[in-house]
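Dock chains B and C against chain A, hints included.
Below, each chain spelled out in residue letters.
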Amino acid sequence: MAPILEVSGLTAEFPSPSGAVRVLDGVDFEVQDGEILGIVGESGSGKTMTALSVTRLLPPAAEIVGGEILFRGSNLLGLSGREMNRIRGEQISMIFQNPRASLNPLYRVEKTLEHVLGTHRNLSGESARRAAFELLADVGLQPERVLGRYPHELSGGMCQRVMIAYALASRPSMLIADEPTTALDVTIQLQIIELLSRLREEHGLTLILITHNLSVVAELCDRVVVMYLGKIVEEGPVLEIFDRPKHPYTVGLLASRPAVHAGGGDVATIPGQVPDARERPTGCPFHTRCPHAKELCSEQPPAKEEIGAGHAVACHFWREIS
Amino acid sequence: MSAAAAAASRARGGIAGRLIAIGRWSRANPVTAAGFAIILSLVAMAMLAPVVAPFGATDLDPTSVLAPPSASHFFGTGTFGEDIFSRVLFGARYDLLIGFGAVAIGLFLGCSLGAVAGFLGDPFDEVIMRVMDMLSAFPGFILAMGIAGALGPSLRNLVIAISLVNVPIYARLMRASFLVVKESQYATAAIGVGAHPLRILVWHLLPNTWTPIFVQATLQFGYAILDAAGLSFIGLGVRLPTPEWGVMMSLGIERIISGQWWVSFFPGLAIAVAVMGFNLIGDGLRDLLDPRRR
Amino acid sequence: MLTYAVRRLVLLVPVLLGVTLITFTLTRVIPGNPIDQLISPLASQQERQRLIHQHGLDQPIYDQYFTYVRDLAHGDLGTSFTTSQSVLKDLVSRFAATFELTLYAMLVAILIGVPLGIASAVWVNRWVDHLARVLSVSGIALPVFWTSLTLLYLLFFRLHVLPAPYGRIDPGITQPRHITGLFTVDAFFTGNWNAFRSVAEALILPVGVLAFVVMAPIARITRSGMLEALESDYVRAARSLGLSERSVVLRHALRNALLPLITMIAVVYGYLLGGVVLVEEIFAWPGLGRYVFDGITSSDYPAVQGFILYATTIYILLFLVVDMLYMAIDPRIRTARERR
Chain A
1401 MAPILEVSGL TAEFPSPSGA VRVLDGVDFE VQDGEILGIV GESGSGKTMT ALSVTRLLPP
1461 AAEIVGGEIL FRGSNLLGLS GREMNRIRGE QISMIFQNPR ASLNPLYRVE KTLEHVLGTH
1521 RNLSGESARR AAFELLADVG LQPERVLGRY PHELSGGMCQ RVMIAYALAS RPSMLIADEP
1581 TTALDVTIQL QIIELLSRLR EEHGLTLILI THNLSVVAEL CDRVVVMYLG KIVEEGPVLE
1641 IFDRPKHPYT VGLLASRPAV HAGGGDVATI PGQVPDARER PTGCPFHTRC PHAKELCSEQ
1701 PPAKEEIGAG HAVACHFWRE IS
Chain B
2 MSAAAAAASR ARGGIAGRLI AIGRWSRANP VTAAGFAIIL SLVAMAMLAP VVAPFGATDL
62 DPTSVLAPPS ASHFFGTGTF GEDIFSRVLF GARYDLLIGF GAVAIGLFLG CSLGAVAGFL
122 GDPFDEVIMR VMDMLSAFPG FILAMGIAGA LGPSLRNLVI AISLVNVPIY ARLMRASFLV
182 VKESQYATAA IGVGAHPLRI LVWHLLPNTW TPIFVQATLQ FGYAILDAAG LSFIGLGVRL
242 PTPEWGVMMS LGIERIISGQ WWVSFFPGLA IAVAVMGFNL IGDGLRDLLD PRRR
Chain C
18 MLTYAVRRLV LLVPVLLGVT LITFTLTRVI PGNPIDQLIS PLASQQERQR LIHQHGLDQP
78 IYDQYFTYVR DLAHGDLGTS FTTSQSVLKD LVSRFAATFE LTLYAMLVAI LIGVPLGIAS
138 AVWVNRWVDH LARVLSVSGI ALPVFWTSLT LLYLLFFRLH VLPAPYGRID PGITQPRHIT
198 GLFTVDAFFT GNWNAFRSVA EALILPVGVL AFVVMAPIAR ITRSGMLEAL ESDYVRAARS
258 LGLSERSVVL RHALRNALLP LITMIAVVYG YLLGGVVLVE EIFAWPGLGR YVFDGITSSD
318 YPAVQGFILY ATTIYILLFL VVDMLYMAID PRIRTARERR
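Protein chains in written order, with this note's numbering: chain A, 1401 to 1722; chain B, 2 to 295; chain C, 18 to 357.
These are computed hints drawn from the structure, not numbers from a lab.
Hints should not be assumed to be uniformly reliable.
What the hints assert, rightly or not - A few chain C residues facing chain A, derived, Cβ under 10 Å:
#1 Glu248
#2 Ala254
#3 Leu275
All values reported here derive from a predicted model rather than from experimental measurement.
Beta carbons: idealized from backbone N, C-alpha and C, even for Gly.
Just chain A, with the same shape it has in the complex (with noise of 0.2 Å):
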């Protein structure tokens, strides 16, 4: 199977008034057609300014500097930003974090969902309403309540599906979701996530799903990458990572699972905080809070080496992590 998405050495910078800030380091990964794969990290770590950089909708200060992202053996980062337009929808779709904040709060959902089929699937009048009528049903709502209303109206899970809705109406072959379920109550997160997963089964829906929540990385994903500072830390299969994790960091996140802990006892945590990315650590950028950090740590940033499976880390000291 062919990497529908392969980003490589992607490089992005935010202008600042005391020099460049990096916020993403040289990340590479690729994702298959048709699997679902896990971006996770904390905050600050890059995965957002990932996923934006694909659809190329960084905000207006941010540049990217270095890098390739191949989608279909195209290299989107050369295309015009009307080229990239017609990808956008009809290619590659992106949900946010904040369901809501992303539905014009002047339109009814009808009047979106009109704009989105006429611009991509040059539908109007009586076959845009059927259409509308169908993506709405197959998101689990009921379009003769949903449609006519604006979204101040609407619960934060039913924008969110709304939010799907536009997003499938092009039939595009991946979608990005960014955080589509952190705003949202615990039981409607967990239909969301069952909604992805269905759509991906029904549509063959290449899905890229960002979060920092393990647990939902461990319901819906095939793969994950674990991104830290920019730079990506750990990448793998979800089964293979979360039974035999190499990299120090990933080690500390699936250890500071509340879940883990039911039965009473400290939730681990991970000492120290994440830097500011405009002090950025020399060499590993985890080896700051690393307990197993050692001279070489601070000196030399570790490449990432494949340890087979399909499983890659980037850790000098791989080998010691249990």
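Then chains B and C, alone, in the frame of chain A:
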């Protein structure tokens, strides 16, 4: 090095250091710096007028009536042989004074009323804010016209009229911040800190308040000059022969058709420059102090 | 929505009363007795007493106020000292001239200001933005009476491109037949092209000058509203759906930027009302502005007062209209208001 010499060189370094810092800041904020430069020049003009002006403000030269700009009369002369350049220079005193007076009084009254309304709540709040609403119901210039017209044309009444028009703006801003204080007061009480409300007021509230009020005041300074000139132009402000820019312009209305453009042109230009200066400062300050920039 | 409109109109009454109170207070603050305006100081004491009684000035002040308000409610704004006609009649006869001026000024300001604001936001910090900012600051800072005089000198006296400031129409041409009172409309519909041309020429400068003043805040508020919308989450989401940039800017961003814009239009109309007082005199325009200007010069206080009341009432009503428009455009406000 002796102690005196050391102190002297430190002082020199201090002034030079200050100038360099100002230079650097100006380059980073050209807009605001330009505004400051303009206003400082106007202030200098006002203060130095008696020294710099070639003629007195009311000196008349009957031999040189309605003369176009020349080497002896930079801005030409008016209907009675007055030197327009000198009058423009002296005019800076009047217009800057009017602007300052109007803003100062408006600020003082408005902030006091707003503070009382916000702090004491109903019934003061209701009454004061209703009166403010009634004042704001009038278009600004029209209200100033009414007040100036009722009180009679004079410098003092001009300042009063314009300041009253601005009172609601400051009252609202001040009241809004005080309401915020009241909220936080209750919050703090709930938490049980029990700090004295006056303390919260002074230490937490005022620093956050003064920014929008300061920006407004700077902008209003310019608009006050504009309004004052407008009112004087229609005869409701300063009276002749006082060299105020607006009333100077009213002398030029008929002169345009006979081609003596300089009579209104230069005073008007002065007004424009002043308003622009204050606008640039106000805008620059607003951008600088915008919390999003921090 | 209708009930809301009615409710707002009812709430207007206290505001209007407040306005009359302030206006009334202003009249009674005038130094000197208003009677002195009407009568020669040499008149007998008897004459003075008679006039004082006739004008009700010997009544207690609150009675005077009641009479004042009652008269207002009946449309009686007093009698002008200079024209000896009812002020209301004076205002009505001059209304069309000023309305034509302010209408066109507003239209021009919006037609230029809004696209300028959009362009500044879309191409932030490029030359369009800088140009717009220069125009905005100029529009605000340059006094409208100065721009009028300067342009009049350049375009009429020097270049002879525009006519002399003789008012709405060349005195040598007959006015178009009265339909609406707006000379451009009347001339157009009666096919009177000669008059139309003259009227249009006469309008260019006063409309241009007023529009220039008003265009500035409009452009700025459009710009800031657009910037906020363009940086919002829903615009980002719209872009992510592959909608064309044009659609994103004009359909999604602009609609949201309309809200502050509408309020600004009402505020800016207030500037226009003040501006006509300054501009009409310069162009010998026979409108309300000139009426009030002459009224001020001749201490015709009923006239000035009448104008103030008229201008303020229009201003207040305009804000009411803005409020209604808000409700029409923003469904969130509709829901909030209906809930109350």
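So, going through the hints one by one against the coordinates:
1. A cut of 10 Å between beta carbons decides the hint on Glu248/C: the least distance to chain A is about 8 Å, and the hint holds.
2. With a least beta-carbon distance of about 4 Å to chain A, the hint placing Ala254/C at the interface is held under the 10 Å criterion.
3. The criterion of a C-beta within 10 Å of any C-beta in chain A is met by Leu275/C, whose closest approach is roughly 9 Å, and the hint holds.
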